[in-house]
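K.L.:
Below, each chain spelled out in residue letters.
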Amino acid sequence: MSALLEVSGISKSFDGFRAINNLSFSIGAAELRAIIGPNGAGKTTFMDIVTGKTRPDEGQVRWGEFSRSLLRLSEAQIAREGIGRKFQRPTVFEDQSVADNLTMALKAPRGPFAVLFWRPGSASDARVAELAAEVGLAGQLLRKAGELSHGQKQWLEIGMLLAQEPRLLLVDEPAAGMTLAEREQTTTLLRRLAGTRAVVVVEHDMEFVRRLNCKVTVLHQGAVLAEGSLDHVSANPDVIEVYLGR
Amino acid sequence: MLIRKYPSVLIFLAVLAVFTLAITLLSQAYGTGAVPTSTVKLLGKTLCLALAALAMDLVWGYAGILSLGHMAFFALGGYMIGMWLMYARTAEIVTATLANAPIPATPDEIRQGIASQIFGVVGSSDLPLTWSFAGSLPIQLLLVLAVPGIFAFLFGWLAFRSRVNGVYLSILTQAMTLALALWLFQNDSGFRGNNGLSGLQNIPGLTDVPQSTLSIWFLWASAAALGLCYVLASWLVSGKFGSVIRAIRDDEARVRFLGYSVEGYKLFVFTLSAMICAIAGALYYPQAGIINPAELAPIASIYLAVWVAIGGRGRLYGAVIGAVFVSLLSSWFTGGKAPDLNLGFYTIHWVDWWQVLLGVAFVLVTLFAPKGLSSIIDAVAGLRAPKRHGADLGPDLGALREREAEA
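Residue numbers (this note's numbering), protein chains in the order written: chain W, 1 to 246; chain S, 1001 to 1407.
By construction, these hints were calculated from the structure, which means they are not laboratory data. Bear in mind that the values here come from a model prediction, so they are computed numbers and not experimental data. Please note that a few of the clues may not be correct.
List time: in silico EDC-like cross-link candidates among lysine to aspartate or glutamate, alpha-carbon distance up to 20 Å [claimed, not checked]:
hint, chain 1, residue 1, chain 2, residue 2
1, W, K107, W, E147
2, W, K53, S, D1340
3, W, K53, S, E1263
4, S, K1240, W, D125
5, W, K215, W, E184
6, S, K1005, W, E134
The following block holds chain W by itself, in its conformation from the complex (with noise of 0.2 Å):
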């Protein structure tokens, strides 16, 4: 099986600081992986350099079928390419209706013109009612997302992410902030959208990677430690060590 998002050798330094070092990773097309680490282990700059927000110092990130390099496009590109990005709090347009919030993640095309001229109609109407009924705020469709409580806010951001039809999703922390039936129905989502694209949740919750029941990447001090399941990595003395054994 060939991977869908290949990260070979990256490297990247903050101020002499290296954030990340000769890091590599890859997933499939249609997986669900879970990364720990520690604060400042590099999780979240690896995101970044995959979504094109930060650009490493050397190493390749290579992305579908012909193993197209991403590090020359912008993020703007990259998101088109079919990469979504979940932060971990809520990020949403508050001044804006649910419905407007869900419309512009709408897969259609992204050039000005093209938006310009786009109207909504009943397909769109409906993609939209069926994503809000999908996480819940199919009765807050014309309420503002300011308004919406935390949660909300942020099944409003998953619903977003789902409009855009990604074939990878990189999920910062979705369990902060969530009670324990919230976390249930993210833990059944994630699988369920596994099923069909790749998946990379990052997370401290140990209790939480431990429903997804995936593999595992833990990081530490900007590359990988271990690789495997749940229960494989918990039994690597590094890993006891840095992470679990704190």
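The hints should help you fit chain S onto chain W, whose structure is shown.
P.N.:
Same frame as chain W, now just chain S:
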């Protein structure tokens, strides 16, 4: 669709139409004569300023780009139309003079005569290359849009591509308008230096039409331009495009991760608003009669931002109300019509103190009534700001503040 989402468009157009009709019926040319021609011109010019404020609101209130150089595009539009007005008018005079000569003048001689008439004042008798098309109205009308449009596009492309944002962008736009003004001030830049272009109120071919009639025609033209651009702007901000640019205002990094090219959208809005400003300028200066490089002074563009702020940014009618209110008030105060205020120990002459009053008003509005004059409309319509415990609506500098938003 547009009307249903923004019923204010109809109200706006109705008010504008009633206003224009009323002034026409009170004018010297078409009505009772209660409103003098100078006032008609003032009102026509005010409509043009309102149009510039509308463009400013698109770029600042909706896309979050605080451009402090938009009056440069306004003046460029004025220069482009002014070139034709001055050239064609001078051509009429020169042709008439040379017609009396015993030998008919050649086209070359006429051209030479026009050049020395226009540029004698800066010690030149050659027509600069930039005036090659000054004799053609269609081409100069095209240049009204093209020159500011291309200039804004190049400037915006350089600035947005380097991701210059916030205060730095504002300073850069100030530098742009100042540099352009300094260039135009030079005698050899081909725009008559600090003399500028004058006599623009005389429309070539319409010498027999009195100014009282012309002023009404320009009032109608200005009102039509404002009405059309208002509808265009409402359409622009009503759909998904409006969603995207408001999203860029509040949180542009997030918009990038949705796959939208933020730079492309900023460039689109910046260029379009520059062109709207240019249309406003092209209608303004024939009514003002004169344009010179002082019109591009950095302070002019700051005024534009002040009008929008006082009117209430992020809503189109707010910009128009702010521009009309402040610029009319300003002409009243600076025109010497405001009664002096005698405090006993000191007499306030409003001509001197008006700017202080405006400055204080701007600070007070920013601090205590961020919605500006639109707060009154919101109070009437029963709209309230959301309760967000002081949080802005997005992380960016240009994001709407809590009290600017609608619940």
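K.L.:
Each hint: holds or not?
P.N.:
Structure-based check of all given hints:
Restraint check: the Cα-Cα separation between W/K107 and W/E147 comes to about 25 Å, which exceeds 20 Å; the hinted pair is violated. For the proposed pair W/K53 and S/D1340, the alpha carbon gap of about 59 Å is over 20 Å, so the pair is violated. In summary, the hint linking W/K53 to S/E1263 is supported, as the alpha carbons are separated by about 15 Å, within the 20 Å threshold. With a C-alpha separation of about 13 Å, the suggested pair S/K1240 and W/D125 falls inside the 20 Å cut-off, and the hint holds.
Using a Cα cut-off of 20 Å, the hinted pair W/K215 and W/E184 holds, with the two alpha carbons roughly 19 Å apart. Restraint check for S/K1005 and W/E134: not satisfied, since their Cα atoms lie roughly 27 Å apart, outside the 20 Å limit.
The earlier numbered hints that this structure contradicts are 1, 2, 6.
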